[in-house]
Amino acid sequence: MNFAEPSVPYTSEPSGTAVLEVDVKSRFKLYFLQILGREDRSRYEWAEARRTKEQTIDQLRSQSLRGIGFACVFPHITKVFSFGSPQGERETNLYVRAFGGDPLQPIALEYGRSMEVACAGEMDIACKEFALWRRCSSVEEYLEEYVRPSTCSFADHQKLREFLSARTD
1 MNFAEPSVPY TSEPSGTAVL EVDVKSRFKL YFLQILGRED RSRYEWAEAR RTKEQTIDQL
61 RSQSLRGIGF ACVFPHITKV FSFGSPQGER ETNLYVRAFG GDPLQPIALE YGRSMEVACA
121 GEMDIACKEF ALWRRCSSVE EYLEEYVRPS TCSFADHQKL REFLSARTD
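Residue 48 in the numbering used here sits at position 48 of the sequence shown, with consecutive numbering throughout.
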């Protein structure tokens, strides 16, 4: 049995930041990202996207997000990460919700036997944001600072598939 789906090349790059202030208790730092080199550029690159970054922010605002955190915003999907929330989740844990489509609607992250956490660009930001959250002594201090996202790619985006296909059960 082969658990690795075919993959296409992946290079994500940062494409700006913004802030989403929902109410006095809820604020999210937004990191805009795009994936380069894919065929459907309107799905993956902001310059060709079907909606603008500003329209995306407006659509996120309509989702009634609560908490403090950050979001990784691609033209085709947005993942909102929060540290706890006014509903009582633990502030030492990182929670994620995903939105896709146009207009943005909640989408599930479950895939068969597991749950998607993050692509390379999202994980780069999530690791840096979590370290920043741990380092800061107040929410205000945390919200003042944005991390520096990296351009992310893979030396070989098929290595797991090749590893598994070379072995038999």
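Quick caveat, the hints were computed from the structure, so don't treat them as lab data.
Please read these numbers as outputs of a predicted model, since none were measured by experiment.
Keep in mind that a hint or two might mislead.
Dumping the calculated BS3-like pairs for lysine-lysine here, alpha-carbon to alpha-carbon at most 25 angstroms [said to hold, decoys possible]:
| # | residue 1 | residue 2 |
| --- | --- | --- |
| 1 | 53 | 159 |
| 2 | 128 | 25 |
| 3 | 25 | 53 |
Label-pair ranges, simulated between beta-carbon atoms [as the list claims (entries may be wrong)]:
| # | residue 1 | residue 2 | range |
| --- | --- | --- | --- |
| 4 | 158 | 58 | 35 to 45 angstroms |
| 5 | 161 | 140 | 44 to 54 angstroms |
| 6 | 10 | 108 | 19 to 29 angstroms |
| 7 | 106 | 52 | 17 to 27 angstroms |
| 8 | 115 | 22 | 16 to 26 angstroms |
| 9 | 52 | 107 | 15 to 25 angstroms |
| 10 | 76 | 115 | 13 to 23 angstroms |
| 11 | 106 | 40 | 39 to 49 angstroms |
| 12 | 138 | 161 | 23 to 33 angstroms |
| 13 | 140 | 61 | 35 to 45 angstroms |
Note that CB positions come from ideal geometry on N, CA and C, so glycine has one too.
Checklist entry - Which numbered hints does this structure break? => result 1, 11, 12, 13
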